[in-house]
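Given next are the chains, with one letter for each unit.
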Amino acid sequence: MTDPAKPIIQIRNVSKRFGKVTAVDNVSLDILAGEFFVLLGPSGCGKTTLLRMIAGFELPTEGKILIDGQDMAGIPPNKRPVNMVFQSYAVFPHMSVADNVAYGLKIAGVKGGEVRDRVAEALELVKLGGFETRMPDQMSGGQRQRVALARSLVMRPKVLLLDEPLSALDAKLRAQMQFELSELQEKVGITFVTVTHDQDEALSMACRIAVINKGEVAQLATPSDLYEYPANRFVADFVGSVNIFEGKLTLDEPDKAAVDCPGLGKVYLNHGVTGPHGADVWVALRPEKIYLHVPGAGKAVTAAAQDAPDGHNFARGKIKGMSYLGDITLFEIELETGARIRVSRPNLSRHDQEDFTWDDKVSMHWRADSPVVLLG
Amino acid sequence: MSLFARTPIAPLEYGRTLWMRLWVGAVMIFLYAPLIVLMIFSFNDSKRNVVWRGFTTKYYEKALGNDQLVEALLNSLTIAALATIVSLALGAVAAVMLWRFRFPLKAAVDGTISLPIIVPEICLGVAFLMFFAAVDWPTDLIWPFNLGAITIAHITFCFPFVAMVVRSRLASFNREQEEAAKDLGASEWQVFHDVLIPHIRPALVAGALLSFTLSLDDFVITYFTSGPDTITFPVKVYSMVRFSVTPEVNAASTLLIILTVILTFVALKLQGVKAIAETH
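Those protein sequence lines, which keep their order, are chains R and L.
In terms of my numbering, the first sequence is residues 1 to 376.
In terms of my numbering, the second sequence is residues 1 to 280.
The hints are simulated quantities; they were obtained by calculation from the structure and are not laboratory data.
Just so it is clear, the structure is predicted and the values come from calculations on it, not from any experiment.
Built from N, CA and C at the ideal position, the CB exists for glycine as well.
If the Cβ cut is set under 7 Å, some of the chain L residues that face chain R in the computed set are: (1) N174; (2) E176; (3) Q177; (4) E179; (5) A180; (6) K182; (7) D183; (8) L184; (9) G185; (10) A186; (11) P198.
Partial pick of chain L residues on the chain R-facing surface, computed with a CB cut under 8 Å: (12) S187; (13) Q190; (14) V195.
Given these sequences and hints, build the entire structure.
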């Protein structure tokens with residue numbers, strides 16, 4: 001990006017309380033024009049409340065929300081330049097597809113001919129061309145979702161809000177819709193803000209993700225930054241699976257650092273950490289970043305990888321659990337220290353799953369740039 | 001032979017078992033035997049109408065030729081129509097209010113609306129009598145205004161039924177549809193008209209039918225609020241019975257039953273079974 005995109009939604013110190021319960025706690029963030037933005041978090045974390053405040057169905061207890069520079073205080077949902085696709089799709093059951101999609105246009109006073117054209121255009125966009133006269137009860141869940149999408153898109157809003165759009169679809173349809181939604185967003189060019197608890201969905205569709213935990217933003221970053229550079233243990237654990245070990249920071253220099261973990265052993269990193277010496281920290285290590293040594297592959301691999309001093313980034317253990325998933329195999333290994341670690345190994349050849357079995361003694365290592373040190 | 005099933009009866013097919021059929025048959029006979037006898041004896045050629053003497057339709061002619069009876073029927077239909085229209089409006093609005101909003105003393109309002117159903121009809125009747133006397137309700141108005149007192153009384157006990165039926169239908173309403181309509185720019189009235197009313201339409205039809213039938217058939221409350229010029233059909237039939245139990249009374253009653261049955265049939269057809277079975 002050469003020029004910084006300008007924020008289309010600005011959320012400033014917004015809090016929402018329901019009696020004694022604080023659903024959203026002093027959240028501030030910017031959503032940029034034209035991006036696919038995702039609010040990700042577990043159930044009950046406040047992400048849907050935040051979305052509904054943008055739409056106008058809830059009013060913030062504190063703080064303000066600006067859409068395209070305009071303060072939304074006092075503006076009801078039917079007057080905001082945003083449209084929402086609801087979790088249950090909320091397609092009007094007594095109206096045909098065309099009437100559903102045309103509903104907002106008719107209220108806005110658009111003339112008959114233009115209504116027909118725009119409805120046809122919107123239906124083509126969601127791949128429902130020709131479905132004008134169908135009734136909602138004659139359609140599948142996925143088709144009804146497209147009707148809901150078309151109904152909102154035909155209004156040409158500045159921002160499209162989606163509440164858990166893929167949660168009601170089966171796995172295959174979900175994968176297909178993830179792709180289609182991203183495509184659609186790029187084609188139409190408007191800002192999408194989605195709420196979901198499914199991190200796969202978030203990682204695959206989003207330009208940027210805000211991870212919400214108990215009403216606060218745990219981290220706001222791009223998908224890869226979120227996965228590879230989590231800011232805290234919650235994000236590390238929520239996005240993807242991870243191994244987290246406690247330890248003490250023993251070395252911290254601008255170009256290297258070391259942590260001593262009772263569970264994992266000595267961990268060496270090829271970058272500095274900026275934490276107080278001797279501090280209690282956590283080390284996060286993703287399962288796919290660990291190399292399992294195939295038994296009998298030679299003594300060379302018992303040494304650590306070349307990028308760390310001896311005895312660092314190395315562990316031994318016994319295989320206690322194995323899950324063959326086709327493309328990868330997941331191992332649960334009990335280390336010599338007693339701690340458990342999860343390792344994911346791609347099945348690069350068609351015999352790879354035969355390399356290990358239960359109760360095998362294994363050794364493993366990881367690169368010096370793989371572990372992430374977390375201070376919180 | 002026909003009592004035994006052709007295909008074996010499945011464990012949960014209670015409708016096909018012998019004991020179930022016998023029991024249902026017995027209940028049906030218990031419920032409808034008096035009505036059937038009433039209708040048969042309306043064709044009885046006998047003044048006293050205790051023993052069957054012969055077939056005739058002359059009492060139907062008598063009934064239809066009885067001016068006072070026809071006038072009473074007209075009154076009943078008018079009152080029922082007016083009461084139904086007002087009860088629909090009142091009941092639907094009450095139901096939406098109770099379903100949608102939270103306000104102080106909501107439980108009390110809810111209870112008060114249900115009161116006319118719970119209070120014994122005779123208490124209601126006496127209460128109305130005293131009320132209209134206390135406010136000096138005018139008794140010399142022309143038709144149809146002279147039916148005002150009865151109509152008001154009927155509305156009072158009809159609209160809670162409409163409210164009940166509409167409220168149970170509202171329970172199955174997906175609130176996100178309301179929000180979706182607002183999101184697309186609809187005002188409160190447009191939401192009510194475009195989204196809510198189509199959803200409660202089956203309940204409105206059922207409520208209207210309920211209301212009309214209750215009003216048409218009402219005796220106790222009407223007895224207390226009607227006068228010599230504002231007789232309704234059930235009250236007239238009662239007074240006929242006081243004088244003599246000729247088959248004319250049976251004929252009049254049979255006509256009322258048939259009218260009610262036709263109305264029920266029409267309303268069910270209008271609603272369609274699909275609407276009743278709608279789950280969303």
